[in-house]
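Bring the two chains, given one by one in their own frames, into a single complex with the hints.
Protein chains in written order, with our numbering: chain A, 1 to 257; chain B, 1 to 351.
Think of the hints as simulated: they come from the structure by calculation, not from any bench.
Straight line, CA to CA, 25 Å or less: simulated SDA-like cross-link-like pairs of lysine to any residue: (1) A/LYS123 with B/TRP206; (2) A/LYS87 with B/ARG103; (3) A/LYS25 with A/SER234.
Bear in mind that the values here come from a model prediction, so they are computed numbers and not experimental data.
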Amino acid sequence: MSQTDIPMVKAEAVSKAYGSNQVLKSISLEVKRGEVLCLVGPSGSGKSTFLRCINHLETINAGRLSVDGELVGYHERGGKIYEMHPKEAARQRRDIGMVFQRFNLFPHKTALENVMLAPTLLKKGNKAALQTRAMDLLARVGLAERHDYYPAHLSGGQQQRVAIARALAMEPKLMLFDEPTSALDPELVGEVLDVMKGLAESGMTMIVVTHEMGFAREVADELVFMDGGVVVESGDPTEVLTNPQRERTKAFLSKVL
Amino acid sequence: MNDMQTAAAGTSSPQPRRHDEPQAIEAIKLRHPWRAVVAALLIIIVGLFVFDALTNRPVYSWDIVVNYLFDVRVLSALGYTLQLTIYPMIIAVLLGILLAIMRLSPNPVFRAVAWVYLWIFRGTPVYVQLVFWGLMPVIYKSITLGIPFTEVGIQLVTADLFSYFTLAVIGLALNEAAYMAEIVRAGLLSVDKGQDEAAVALGLGWWHTMSRIVLPQAMRVIVPPTGNEVVSMLKTTSLVIAVPFTLDLYTRTHDIAVSMYKPVPFLLVASFWYLILTSILMVGQFYVERYFARGVGARPDVQKPTVETSAIGVIGLSSATEAGGGYPTATGADGGDQIVPPHGRAGGGGV
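Extracted from the complex, chain B is given alone in its bound form (with noise of 0.2 Å):
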């Protein structure tokens, strides 16, 4: 022992080693036969259908894919495809926090319009929404503003109003806005509640709570789920011809198809970009979600005492002796009661 304090505290030796090392164990891997043949079969497969995709396989058109992928109409469909999917986004987490927020509210009336709001557009299909807003100048054909009773007002013509890409973009947030409030929600009840205690107890308002303490721990929780609803909604847009919006990717692409009668070909082309946005999609959230998790992680057992060290605070204290239970007492060799913990007793008849 003495020799190797000293060692330890000589000035090259950096640590001191209190055991000698054990020998490494050096086995023989065990073999999976039946693993390597499955993968090989898979690689054959998979190897059999890209060759066949791309020799044989004239419905493919692998020229036309090509040719297509960077033509002017199909990158600035790209364009409304991102514009449809950032858009309706933003204002879905908008909205989704104020559902969120409301359906948490002491008052009745804003959970109950909250829920409603929730149920409807939950409950019905997106495409069918999109028909309807699609619908709206029809509907609505004029928006009278003005003061009620009195002659002074002005209107408008609703279809004037909206574009069909404004429908569109509507259309996507509303319905998207009910699946984001019930993201958001989960991710406000997942903060603890002495969270919220400590910041009311500094004296910070509501909205300084919300916007500082509890959201952005939310966001942890929140973040996750979203990238998939970004994901989601990307491939979305593709229903908005229900509108109609036709300059989106999928539509955009299925009418140069039609024109030229080459559906598959374009098929690929509306494939590769989605894929290529999904992929981005899924870079920029690893980066989010990281930024979130700042100061989470690392030691979260810092705080836990062991079973030994918690049960040497309970002597002498109170709460758990005198909750009733307690630690069963044992008479010592002197007479005088002492109080043992269970995992202390001492073994046997030895004492």
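This is chain A alone, in the form it adopts within the complex (with noise of 0.2 Å):
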């Protein structure tokens, strides 16, 4: 493929503000295919925002923001910006997957319904094999046996594991965590964090907003410290766990490890 070398995502000067307040402050990084980022940082740092802007959840006021060379929510022609049409914005996110803090799956449906939905309602396609699909995502989660089973009846790490799958099965390019353990019982965190594991060795493209630092060092090809809306430190994982540069990243890493 010649477009391997168009990074995943890239973020060029990446600016949001809710009305006077100036949530991201030029951002900017990439993210290459098969690349695991991790965005750390105190709560309200703005990288939960940052996540959001990549599946144009939030739409960004100022910079360039892309996923796999196209811009997010926007089309550019003639040197101008055009703002996209809902329908296209869908097809966009459809590529990438997301996983939220509080699960959100959806409770009047089973697990197996949860992971079948959008494939059913925008793949168009022989419902068994779809079926058959959703079964084999349930199964890499390990939860092939819950396949019927309503959220409400499913474990805090259950319910997480299925929106992984149900994420998956629209078949994104990239991933997108935001603090998918955050939620959890302390001892339903690691199971969950398996699934992640599994699902960057095979090659996914993710972006992890995580206080798991232990997660970060092990699996994270790079990591970004993010604090006041700016990106304060970035790099190799074990280098700015061990030996951060700035103060402010000193200052935080010494409450959390």
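And the structure:
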């Protein structure tokens, strides 16, 4: 593929404000194909907002943000930027999977129905084939035998694993994780991280907002520390975690590690 | 302990018993003499009323009630009343959904139109509205469909287009839509924002998100008050004489009653059928509610960590500790700082 040199995610001076409150100040970073990037930082540092900008759940005010060489939420023609039609924005999002802190599974649908919903509505395929694929995905997150359970009957960790399978069902080229383990019982965190680790090993490009430094050290190719809407420090996870250069990073890590 | 475990592992023993069964309390029941007295009084009053109505009040004319309960005219009126309940209700639900979505729209014109609609149709009596609809063929005698500024077009006479039955349906439907809009809006607002986001993040468009994710969940909030609205609509049909439509249950029985100079037994006939219909509707509502409650209920606490576990989770993680307050630290015996969860502090001077 000739496209392999195009980064999966490219942010150039991305900025975002809610009124006068500047939440992202000129964020620039790149995520290559197959790379795992962990975003860490204190609450309110803008890391979740940045993640949500990548699949256009939030719009940016300035800068350029592209996924797989395509601007997110906008078209650029003749030097002018055009707002995208919601249908096109939806098509763009299909290539980007997202996993939420609060799972956000559809409570009126079983685990299997949760996973099958988007492919059934959008992919127009043979229903039996879609169902087999959805079962495969549930098996991949270790929940094949719970396929007919409603979310309310699953533990937090199981729900989050179903949510990961649901996001994978659209065969995304990029996965976004917004604090996927922060709402979980401590003893359930491991099972979710294991699934994510397996996903990273399979070559998925991932951006993970997390507080799990162990996971970041083990799985991430790059660690980005954000505070106050800017990237304070970034680099090799082990390097940043063991030998932070900035005072703010040191202060944060000393409390977290 | 060991004995119990082996016993539990054994083939027949169903459950390990960890403690001796405590002795069951066999308390003497507290008596409530006044409750019994009041209950007895109520029974006597109701009994006397029923006895009196059956034997001592010729004005009820029970023989006429029984004779006319299944009279052809009454049964046909029953059919009209059912239609006057169902058709307006279907229109009102659909229009109500549309109005609710308009009220939640980012477009200020849509919001304003929906608001004004509600303001008018909720703010005036349904009886007055029905009279208005009855006058429509007089106010707008004809409707002209055609291309403006040309001679091309057709003219339709309003009175031919809309029968009084149709006008009654429209009048009831448009009034009810205003109430349904508020019920639907409450339902839509009750669905967690995360549901919408999850659907959008999957690449679903507005229509799929609304029809597959948001509305089905909103139904749980929408159905119970809508059941009330159906019952209320059934009874409001008795006002269609305002249009005037005269074949519904109340107006028809009233007409028969007038012709026979026997008002009371026909009120009883009408009441009997209204009660039967509302009872059937209540049963239907039960099943609809059960359908939309699927997946909800059972174990709502499953994802909520207990106080203890959430405290454990916080230690060594970030959010709570770096937020400022965090947990008080105590200097341990070895001089190093320890993080102590508030409820886990060692008691007294023991340490």
